[in-house]
Each structure stands twice: as structure tokens, then as C-alpha cells.
Amino acid sequence: MKTPEEYTKNFMEKLKNGELKKDNLPNNGPTLTMDYVKKENASFRDLLQSETSKKIMKLF
Amino acid sequence: MGEDYIWNWLNQVFSEEYVANFIYFLYERVKDFFDIHKLENRVYLNESVFDACVRDILTDLARIIPFHDIYNLNLVKITSYSAAWIIRRKPFQVVQKNLLNEDIFVNEAFSFHLLYQVMNPRDANKRFYNEVACSYINQVVYHLKYRNIHPQTIELMLTGFNLGENSI
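Taken in sequence, the protein lines are chains S and H. Residues 25 to 84 (our numbering) are what the first sequence spells out, left to right. Residues 113 to 280 (our numbering) are what the second sequence spells out, left to right.
Extracted from the complex, chain S is given alone in its bound form (with noise of 0.2 Å):
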């Protein structure tokens, strides 16, 4: 096992030789435009003047 100080300067250099970086993750969301937020908007208002607005109502 490494000392401390062996270890602190191991980790330092693979910091330093970009050894480290995370995996990137998908960028897998839309931007949050006010055209995507209005277009959501509309579909969630739609959700709510229907009879299963009604129904999901009713189960609370």
C-alpha cells in the first residue's frame, strides 16, 4: 500500500494527465426554450380538460 504522500502525488499526476475526467454522459434533454415550454404547456392543458383529468381527480 502507498503512503499518503505516495498516493496524494499519484493522484495529483493523473489528475494532471486527465486521467480522471468522468465519463461524459448523452446530452438527452431539450433546451428549455419559451417555444418547447409553451408547446408543453398546451399538451399539459390538453391533459387537463380531458375525462381522464376528471378520472385521475377522482383516485385522490
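If you're looking for bench data, these hints aren't it; they were derived computationally from the structure.
The list that follows gives simulated cross-link-like pairs (lysine-lysine, DSS-like), each with its CA atoms no further than 27 Å apart: (1) S:62 x H:202; (2) H:150 x S:63; (3) S:78 x H:202; (4) H:202 x S:79; (5) H:202 x S:63.
If you only want the chain H side, here are some residues facing chain S, beta carbon under 7 Å, derived: (6) 133; (7) 136; (8) 137; (9) 140; (10) 148; (11) 181; (12) 184; (13) 186; (14) 214; (15) 217; (16) 253.
Ideal placement from N, C-alpha and C gives every residue a C-beta, glycine not left out.
Position chain H against the provided structure of chain S, taking the given hints into account.
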């Protein structure tokens, strides 16, 4: 740590435009829910609690961005965190003494609508009373009403539901 620090930090993480769009996104839904279900005189929206709710949702989401090295959050994540914080903070508050059941759980009902839209993004009436989906939905409602809510469990639930829907 003061409120100014938090909002300045949120504006830096997301941009001022993103924060404004998110507030519009959530508030318009709250208002439509309030109006369409005619909650006036039974329930009111406490705007101070709603403000705190917005702050808590964005602060929680902001911590994910550097952790996962992503810059656009998907709708499942945004919705999960919003639903969980609304149930925790309860911005809808009851004003009358003689309560309807749906008034007691009005924050949970609103949050469920947020989740339901993500479950069925294209068709509001799609297969709601399919026997399997109905049983699952009843379980989700029970979870929202009586269990400890965490955004990550809601996120997992939404992802699981969408996987099932897509495999039918």
C-alpha cells in the same frame, strides 16, 4: 448562505433565461390546474411557498449538472424533481373547513398530472384504464399520498413506466 447567493448561483448554472423559462413552465401549469379544476374558494396558491418550491427544484437540479457533466436536463428529470418538491413544500393550501378528499391531496393530484403527462406525452387519454396500467397508476397514487417522496424514486418510476409502455 443568503437568497441572493443562491439565485445568483442558479442564474450562473442555468442562465437567467433558463430560470425565467422554468418559472413560466411551472407557474402556467399551476394556474391552468387551478382554473380548469375550479379550485377558487376551496384552495389558494401560496406564492411565497411556490417561490421557495421553485428555488428548491432548481437548486436540486443544479447540483446534477456538474456531477453528471451534462448541460441539458431531460423532461423526466425536470418533472420528477418538480413533483417531489411540490409534494414536500405544498404550495396549494386549503382555505375551507369542510374538505373534499381531493382538496386534502391537491398538491399530490397536481404532481400526479405532471407525471402523467410525461407518461403519456402524445395522447392525454391513452390507455389510462388499461388493466395493467391502471393497477400501476393506483400504486403510484398511493405512493404519492402515503410514502416518503424522493425525486430519484419518481424518476425511476417514470423511466420504468415508459419502458413498459414502449414494449407493448
